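Trainee: Sequence:
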Amino acid sequence: MISALFIKKWTIRYNYTVNPLKLISSVLCFALKNKYPLKRSALTYWEETEPSRINLGKAKYGGPFLEKDVQSVKTFLRLTPLLIVMIIIYFPFQTLGRLTEKKGSLPFCFLFRTYVAEYVVIIISVPLYHFIIKPYCPRKMRLSILKRTGLGIALVVLAKFGYIALDLLVAVPAYADNNETICLVKSVINDTGYHDLIISYESFLYYYMIPTCINSLGALLTITGSLEFVFAQAPYSMRGLLIGLWFSFSRIYAAVGWMMVKPIEAASEYLVPSCELYILIMNFVLMLASFVLFVIISQWYKLHSNEDVFNAHFVVETHYENEFNRRDQISTYGSILSEAIS
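The sequence shown begins at 4 in this note's numbering and counts up by one.
Careful: at least some of the hints might be erroneous.
Each computed DSS-like pair below joins lysine-lysine, with the alpha-carbon atoms no more than 27 Å apart [as the list claims (entries may be wrong)]:
#, residue 1, residue 2
1, 150, 77
2, 265, 77
3, 265, 305
4, 77, 137
5, 71, 265
6, 137, 150
7, 25, 36
8, 25, 71
9, 305, 143
10, 77, 143
11, 137, 305
12, 305, 150
13, 25, 305
Hints are computed from structural coordinates only; laboratory data are not their basis. Just so you know, these numbers come straight off a predicted model, no measurement behind them.
Please put together the full structure from these sequences, using the hints given.
Mentor: This is the structure in structure tokens:
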């Protein structure tokens, strides 16, 4: 804000966009109040100046809004459900192996107590895609933004299923041997050999890098694809609103996700074989529902073009409007000339 105040005198501000919230509410209110086209006579005017024939036609068939504004509102209403579904990935998830009470080896701590695997996948995948896959991939094999986003959601669903399978492989034998549930969500753990039991699976926990890498790749495709799609499809006057909705829903999902973990944490003593298993199942169900809804809504969604589309009716109306104005001017000049001659 301070920097914006300093550079304010060097910036040029244009007020050529309307308030998107005001436009959306106005169009929706008009559509609810006027369910049928307005029947307005072309011979009656209630403006101070005589409106053009084009404006009369718009007022008669489309209401007091431009066609571009109405299409922008329709695009916003179509894009919002797709935006909500695409970023369900922001629900947080728990993974086995985040130990806080006992020290492990240095590689173990480096891999399981940090996000190094996710960062490595991102650092490798982004240059690989931009400099190798995208330039040299045949045009027919290139995926659209929606397909890339759907592929990312599918990879996240696969990673969630992998987490569930690995959690069962660890928790079921531990519960069968010691008759004790495993829950790494709680910060305080009892002293009944629980730590030794989990640390004994340290070598097994390296297999968790497989779904972690798959989940990171899916999250990278989903997050970048959803942002790119929203920015490309959003009408110019509503880009800021939709990007703000994207970030708002992502934070809402994160907060709601952590709140959904609390009941499972409170009932961890009664959940077998591990409390994290139910958290992983919850996340798997949410991501699977996200993928199904994404497929359905993406097929229903109609792509929006921000470029000016050729409109033959508008061209014809403009031509005849100019022709009528030209004839009126000629008749006016003719009458003035005849009066001057006489």
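Trainee: Against the structure, test the hints numbered earlier, and report the numbers of the ones violated in rising order.
Mentor: Of the numbered hints given earlier, those the structure breaks are 2, 3, 4, 5 and 10, listed in rising order.
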